[in-house]
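**Student:** Okay, here's what each chain looks like letter by letter:
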Amino acid sequence: MNWKTFYAMLSRDGHVARRNLIPTLVQNLLQPLLLVFVFGRVLTSGGMMSMKFKDVLLPGIMAVSMVLSGIQAVAMPLIAEFQFTREIEDRLLAPIETGWLAIEKVVAGMIQALVAGLVVIPAAWLLLGSGVNVSLRQPVAFFVICGLVALLSGAGGLALGCSVGQTQIGLMFSLIVAPMMMFGCVYYPWSFLSAFPVLKVAVLINPLVYASEGLRGALAPQVPHMPIAVVLGALAALDVALLALGLKRFRKKAVS
Amino acid sequence: MGIGIRIAELHKVYDSPPPMAARGAGFAFGGMRSGGKKEPKKKFEVAALAGISLTIDAGEIFGLLGPNGAGKSTTIGILTTRTEPTGGRAFIGDYDVWRQPVQVKRLIGVVPQRPNLDFALTAREILLFHGAYFGQSAHERTRRSEELLEKFKLTDRADHMARTFSGGMMQRLSIARAMMHDPEVLFLDEPSAGLDPQTRLLLWELVRDYNRQGKTIVITTHYMDEADALCHRLAIIDHGRIIAQGTPAELKASIPGGYLLRLRFDRLPEGLAAELERLPGVSEVRATEDSSADLYADRGGPLIAAIVNTAQAAGAELRDVHISEPSLETLFLHHTGRSLRE
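Protein chains in written order, with numbering that gives the first Met the number 0: chain F, 0 to 255; chain P, 0 to 341.
Think of the hints as simulated: they come from the structure by calculation, not from any bench.
Think of the CB as a built atom: it goes at the ideal place given N, C-alpha and C, for glycine as much as any other residue.
Check before you lean on any hint, since a few could be wrong.
Short derived list, chain F residues pointing at chain P, Cβ under 7 Å [what the hints assert, rightly or not]:
id, residue
1, Lys3
2, Thr4
3, Ala7
4, Arg11
5, Val15
6, Thr43
7, Ser44
8, Gly46
9, Glu86
10, Glu88
11, Asp89
12, Ala93
13, Val254
Calculated from the model, a selection of chain F residues having no Cβ within reach of chain P, i.e. all distances over 12 Å [stated by the list, open to error]:
id, residue
14, Met8
15, Gln26
16, Leu32
17, Phe38
18, Met47
19, Gln71
20, Leu92
21, Leu100
22, Leu113
23, Val114
24, Gly128
25, Phe191
26, Val197
Excised from the complex, chain P in its bound form (with noise of 0.2 Å):
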């Protein structure tokens, strides 16, 4: 039995900077000063969600894509109790998260954007620890604490302060700790930010097998290839708004004309390029060199016999045709009329 989640109309406003943000330098010690002077100091405002709502299945692997301060780990935030929403409500099964945090507590792990590791501990320690607060006995937290060293790769550094470790050291300790009281539901926020490619198909690989034992999954990434190859689900988040969701395949279907075919004839007649450009579906035809084309269209295949059709009548032949299907990169194009990585 696996848990899921539930997001209706979250709001966020920080009246203060978020904590990813660097902290303010003033020494505030006692209450605020309170008004009264010429004019109200100008208040700290940021919008970082505006009405977010999702349903995340149990046992799904989820993503939210986005750009940078699009909204992601504010609701990651409010999923793992630590951000509290300005509006609307999140429920892990059937928890309220904001009424009560303990329970959801219990069933989440969560892998921060930036290893938040208890640095006066070891490596060992930190999982043990992690074990005792969620209640395991000695024996428990200890076979499990080994499983996931060696599973992990750092059961030769397991007794080093983890302090000493390198970011990708860091970063496999975070998801072992996070996986350390077998959660439900595990949140991942930007686990694959400044990860070398093998060590990120294995961390890919890890989240795919504790996928595949029932848990949900949650992921933030603003890397499109991350997103097409993990997720069964995504939501598409810009400015603290879901702009679309659905499987990556769906996604990338509802773009029009998001199909590339690259089409390479015998010879390119006068006139075939605009005959083309009269198939159905078809938005865009361009003639490229060496009797080639390129011809952008809502579908792929299915294109193919009359497109062989329309070159036979013009008197050519098609020798070779690439299609290449929509990404999801176009597909934040098309909505957002930005680049991902703008």
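Chain F extracted, bound-state conformation (with noise of 0.2 Å):
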């Protein structure tokens, strides 16, 4: 392991991140701000939603500004990376194991999801106004799960992005991520899909559900939640499954 060549590529994206800033920061959490807005302060103003949506929402909010920056930050890149002009081989050709290129293109999108979570708490917090009922209620399983829900985020990235071809990212879009964005329990907790006994069990496959859950089960434990272990199984479970797959389709895409 060259932690020096690691080091130089992990600036590289944090410069290129660095910056395309303002563009990323639009690009990521505008969509999801301005839902907080809609439905977290102008429908509960209203009267047309409980005030205790905001509890629902703020967490759910962070987990999909997470999971979709890792798409943002290292699918995207990857699939311009890899395409016709094999931007990405100056440092295939750096002097270090080519799987590390690719745990490096998920440290760099667990930092991005990092930054993206950490901008949207203040931000929705302020935008759904008085009335939120949400606190680090349990500080460890709060950063634990951050952690987690980070790495899926880089993990998942890398292996969407090294299964995506460049005319495919707007089927990626709209046949994975915005399926994954509404099944996802962002908007509603797991257990109100009780009505729907299928789907319930359906989006159990669904990372971006633990995710949610988790975050709402660490700052907002009176709304209903699915247990903290089992979020923590399945979010590692996860993280393993798409880092492994991930990595299994770097280096196919890396040597012909």
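Put the complex together from the two separate chains, hints included.
**Tutor:** Written out as structure tokens, the structure reads:
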């Protein structure tokens, strides 16, 4: 393992991310924050939604922002760099095992996911106005879940970025990202799906479910949520699976 | 101390389109679907290399010459750790390319066929980050990038994004990047494709200059003149096999009857052409207009005395002679029966 090369590649990604900071933030956070405002502020103040909805929404929005930022930070650049221009080649020729470049991309994705999470909490809180009943009641669980969700975001971005071609980006958003957001228990607790038993089981393959439920359990335990232990186990298993899949696909793409 | 290259019995069969080719548009997430359907899907298979063995000496400019699709880029791909061989072994210095890729990557610099510059960065950043990947100190990489930007005439555009560059500038930046970490072996895959003649000459000069520092250079080309002018030794590749190798002069001398002597006499008496054809080493004589003749032979200069004597015996005088040496183009034609451009 060559830490100098690893660090240099990480600082390259950091450099590019800082250069695109404003567009990236707008791309990742504007839509969730607008949703927060409309559903959490406008509809609740008009009485169409209960004030309690604010507590459901805030952890969910944090989860979705973190997970999507990984797709934005890892999958999209990978798709671009692996396309016919092979921009990634200069790093594949750097003196380090190929797999570490994939790990570096995951770490870069994790950092961006954590930044997205950190930015969205205060922003959403401000937008929601008064009546938010959310607090850091389980700090340890909260930080562990944040780490696992960040890894989920980076590893998921790697797996997706190495599986989707340039021409299929639109398809990726409508076929994978949109259903993931809608069935990711972002806007409702998982227990609300009891009326749809098939769906309730089917959504369990969606990693976003565990991210939303876990953050809800840590920040707003008064809202119904999955047990934290289940969330931790599921997130860890999905992290490992997505990382293994991503590494395998990355190697296949990197070497002809 | 330079680094040499050794390749033994290299084979490569692609089972998916190589990266240079356009990628398929299949949406492939997760595992491939397993068989069991009516008939197995026709497998993609392209044999790119069919057993290539060669040795490239330290400090030499070695050329791989051949038409498109001959296996040149695949050979470079394997030597630069980017392509996994199906069989055979390749060594850069003492390192097995496929088993010790990290050590190999430290020794090599690669200029790809198509510029693969990092489009998210400026020209200067591309060089600086490249130096950082290779563990250069901040001071060293700043100094070296300045030097290279100057040398490759990119200083005034150094802080522009590389994606805004013209083809020629991208090519120059690619070469500068490959030299940034001062590699012992430099690979250039079709470096002069699409360059204007002036830039091409500049490129040749830069390559020779780098070679003078004792570095080994491997270059692929399908331009005969480039191979002839630049390379110390050459291998001609066609259909994944080496069909000839040696110095450009050796290779050219290997073609029988490859010399062309254009002779002009004061007059061309009856029977002189037939007499000339009987000289040793002459394969064909064609009389042309104005008392001239084209003589094809396996040698050039050594024939002149005999030609003069034969002409005198027939009552004619040799006025002018022009000898064309065999070219690599004729060589390729001789070995494959095809022109390089076909």
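**Student:** All hints, please: hold or fail.
**Tutor:** Against the structure, the hints:
no. : hint   : in the structure
1   : Lys3   : holds, 4 Å
2   : Thr4   : holds, 5 Å
3   : Ala7   : holds, 4 Å
4   : Arg11  : holds, 5 Å
5   : Val15  : holds, 4 Å
6   : Thr43  : violated, 38 Å
7   : Ser44  : violated, 42 Å
8   : Gly46  : violated, 44 Å
9   : Glu86  : holds, 5 Å
10  : Glu88  : holds, 4 Å
11  : Asp89  : holds, 6 Å
12  : Ala93  : holds, 4 Å
13  : Val254 : holds, 5 Å
14  : Met8   : violated, 7 Å
15  : Gln26  : holds, 15 Å
16  : Leu32  : holds, 26 Å
17  : Phe38  : holds, 31 Å
18  : Met47  : holds, 39 Å
19  : Gln71  : holds, 14 Å
20  : Leu92  : violated, 6 Å
21  : Leu100 : violated, 10 Å
22  : Leu113 : holds, 22 Å
23  : Val114 : holds, 18 Å
24  : Gly128 : holds, 39 Å
25  : Phe191 : holds, 29 Å
26  : Val197 : holds, 22 Å
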